Amino acid sequence: MALSVEHFGRTYATAAGSFTAVADLSFTVASGEIVGLIGPNGAGKTTTLRSLAGILRPTSGRVRIDDYDLIEHPLEAKRCLAFMPDEPHLFEYLTVMEHLRLVARLYGVTDVVDRAAALVDELQLTGKEQALPGELSRGMRQKVVIACGLVRNATTLLFDEPLTGLDPIGIRRMRSTIVARAKAGAAILLSSHLLHLVEEVCSRVIIMDRGQKVADGTFAELASRADLASAGSNLEQIFLRVTGHDAHP
Amino acid sequence: MFSASLYIIVCSFRNRVRVRLQRLRQPRYFIGAIAGAAYLYFSFFARFRASRSSVARRGNRPSRVPGSLAAPLAVAPALGALALMIAAAGAWLFPVDSSLLEFSEAEQQFLFPAPVSRRQLLIYRIMRSQLGMLFGSAMIGIFSPPTLGVSRLRISAASWIILVTARIYFTGVTLARARLGASGRTRRVAWLPVSALAIALALVAGAVGAQWRQTPPADALAGLILIGRAADSPAARVVLLPFRALVQPLFSEWPGPYLIAIAGALAVLGTVATWVLLSDEAFQEAVSDVAERRSREPVKKGEPIYKVRSTGWTLPPTGRPETAFAWKAAMQTLRMVDKRSLLRGVIILVCLTIVAALMGQANGLASMLGAFSIAGTLFAILLAPQIVRMDMRQDLQHLELLKTWPVKASAVVRGELVWPSVIITACAWLMLAVATFLAGTMMTHVGLGLRLGGGAALAILTPALVLSQLTIHNAAALIFPAWVPLGNQRPRGLDAMGQRLIMLGATWLLLVLSLLPGAIVGGIVWFALQHFIGAAALVPAALVCTAIVAIEVLLATEALGPAYERLDVLAVERAE
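Residue numbers (numbering that gives the first Met the number 0), protein chains in the order written: chain A, 0 to 248; chain B, 0 to 575.
Careful: at least some of the hints might be erroneous.
[To be verified] Taking lysine to aspartate or glutamate pairs in the EDC-like style, the calculated list, with each CA pair at most 20 angstroms apart, reads:
no.	chain 1	residue 1	chain 2	residue 2
1	B	Lys407	B	Glu557
2	A	Lys182	A	Glu199
3	B	Lys407	B	Glu551
4	A	Lys182	A	Asp65
5	A	Lys182	A	Glu121
6	B	Lys407	A	Asp68
7	B	Lys407	B	Glu564
8	A	Lys182	A	Asp166
9	B	Lys306	A	Glu91
10	A	Lys127	A	Asp166
11	B	Lys407	A	Glu71
12	B	Lys407	A	Glu75
13	A	Lys127	A	Glu91
14	B	Lys306	A	Glu128
15	B	Lys407	B	Glu252
16	A	Lys182	A	Glu32
17	A	Lys182	A	Glu198
18	B	Lys306	A	Glu134
Treat the hints as calculated values from the structure; they're not laboratory data.
None of the values given here were measured: they were computed from a predicted structure.
Generate the whole structure from the sequences, applying the supplied hints.
Set out below in structure tokens:
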């Protein structure tokens, strides 16, 4: 299994004591699978993704990426992983191409020139290779972050709201890119509020609410669940029913 | 709009105070506040008490101005007026965006679409800037030397008028500059102040030139007095009148002369304010220009701007991760366009040169340069590691990204240290080389052998001293991330000042402790060899000391690896 999460939990210390953002979360993502991670604001999706990426330390549980434990073998696990956050954090003083070179160097990618050229074309960054992040729009910056994630052959890809700031053409291309990577064998976990995107590209969906997993399965499995049978057939209706918001218009 | 402006100012101030009081619940801020308060008390208020006691001892007799200060003080108003006039002229030559035209994003979003005139917006910005200017003028009052015998409150009031006038004047220049290229009457009106200033400057320069030719000054101080006297000549007095009116309250006796001078300064302030407020149309355009420029700028105010420059250093695809970090920091240095830092550097250099010139020891260009190089070397070695923050202190901003990289934690820490150490050491070596060769012109009693031996030893020790300090700072950033301001942040407040003082004290203490083993062993080596090879014994002693410090740094970076791994991104304070 490319990504395996067992009883993962994350608690934050607050002035009032502690706050559990995610509790007892377990799931797996197989190679070639695209799994959607959805939930209302504050459900714990970003905390989960940031913990899987090694940014936050899990308070409990285990995370394994390509059989490498993220805590015990962080370097090996991180080499197999690419995290594309919703907020593009870039070095303001490095150009687009230099970002790709830096990431390639850190991940041991030797054929960076060819890979970078292909990615620049794929993500419509042509002509922006020597631009600094400050000269790019929000959408372009997002594309650079995604390019940095894709420049190495990661076996597990984590996308947090990958379409934020992209134009319609960019959205279309990004969808194709995500699907193409899955077909090439990558395990993909995609968090998004765009339920139509999740419905379109994901083969399975995990719904979180208040730090808990409240549903996990393919659309057919979810639609056939006894408690959701009356909700409707599309993901939005299922989502609203599972999270208890379907009573409100 | 007036009441709305007042509402925003009062609410902002109240909320800022509330946030600062709330954060005192955290021990680090509480301890910082105590340290800051103690520093303020012992630095200023204890001085006030001492100064009051001295006044009480003197009775009501006026304070006696030291003889050496009598002549400069006599021409100080004229010099001050001249300095103001030069600054006023400089504003036309070296344009900068007026801070009164810089609206925050929230201000643009809420106030620009609101049904308020641009003139009202300018009044709002002037009102909004008062808190900062009142604080600035209070600081001038506190720092004013007691020998002047003038009340600090009166100095603060006089300084406040100068600061407000200057700020409004710079706004007027920004507005008028946009009209310099216009045609017809608008153009003539816009060029009027420029022409008046040019004529005034020419008149004063003529007066100074005439006196200079008549009696060339013997030294820098005499030159200053000569310029002051020239600026006090009848013709120069006329053209300097508005500037003189602004500085006069600083030098006037209480109560009558002071109050009259204040009235004169306020009249100048009123005239400048009227000039700016009458430029309503230009203001609208200028504000839009500045707002548009700001919106195009990628960075927030106070952060450096970067420009793509070819550096000739391409990161190879393979190699140690430390090199990648060094390359990254090098790109940052080479692409930074930070006018403020440049200005700060120039000011420091000028101050150091003036200090060197006034030390009396430095006669002639060579000795002045020598004194300056010594000061520069000490500055680079002891203070630059606190100032140059292109290491973990800045990269904590990118911690989320760094944490995803498959790089050994200790390699990350070492990588962050490499470039700042290289660049600071290079600067220090350059200064040291000049100092070693020119120090002989100042310190004639120190022989060439000792100078060369000492210089070489210090050159060897420099990387150790720099690396050691940088390691301490980076360790603090990893172990106490919340105490370290991120990037270009400069947290304000008494507690933040206290935190900085504690950090500085702790850094120096740890530096001494880290150098101790190396200094002891190096001292033994020097003692053993100095009978045989003289001053040259300093070189092997420094080598031994540097080697020991290098081992310490290596061990420290390894020890800091787990701290980096444990570091939670949430522990890093994003913004004040």
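Quick rundown of the hints versus the structure:
1. B:Lys407 <-> B:Glu557: Satisfied, since the Cα-Cα distance of roughly 10 angstroms is no more than 20 angstroms.
2. A:Lys182 <-> A:Glu199: 15 angstroms, holds
3. B:Lys407 <-> B:Glu551: 19 angstroms, holds
4. A:Lys182 <-> A:Asp65: Holds, at roughly 17 angstroms.
5. A:Lys182 <-> A:Glu121: The hint holds at about 16 angstroms.
6. B:Lys407 <-> A:Asp68: 16 angstroms, holds
7. B:Lys407 <-> B:Glu564: 9 angstroms, holds
8. A:Lys182 <-> A:Asp166: Distance ~24 angstroms between Lys182 of chain A and Asp166 of chain A Cα, so the pair is violated.
9. B:Lys306 <-> A:Glu91: 9 angstroms, holds
10. A:Lys127 <-> A:Asp166: It holds: about 16 angstroms lies between the C-alpha atoms, which stays within 20 angstroms.
11. B:Lys407 <-> A:Glu71: Holds. Lys407 of chain B to Glu71 of chain A sits at ~13 angstroms (cutoff 20 angstroms).
12. B:Lys407 <-> A:Glu75: This hinted pair holds, its Cα atoms lying about 11 angstroms apart.
13. A:Lys127 <-> A:Glu91: Between Lys127 of chain A and Glu91 of chain A the Cα gap is close to 14 angstroms, so the pair holds against 20 angstroms.
14. B:Lys306 <-> A:Glu128: Given pair Lys306 of chain B, Glu128 of chain A holds - Cα atoms ~14 angstroms apart, limit 20 angstroms.
15. B:Lys407 <-> B:Glu252: 68 angstroms, violated
16. A:Lys182 <-> A:Glu32: 8 angstroms, holds
17. A:Lys182 <-> A:Glu198: Since the Cα atoms of Lys182 of chain A and Glu198 of chain A sit roughly 17 angstroms apart, the hinted pair holds (cutoff 20 angstroms).
18. B:Lys306 <-> A:Glu134: Roughly 10 angstroms separates the two Cα atoms, so the pair holds.
Checked against the numbered hints given earlier, this structure breaks hints 8 and 15; the rest are met.
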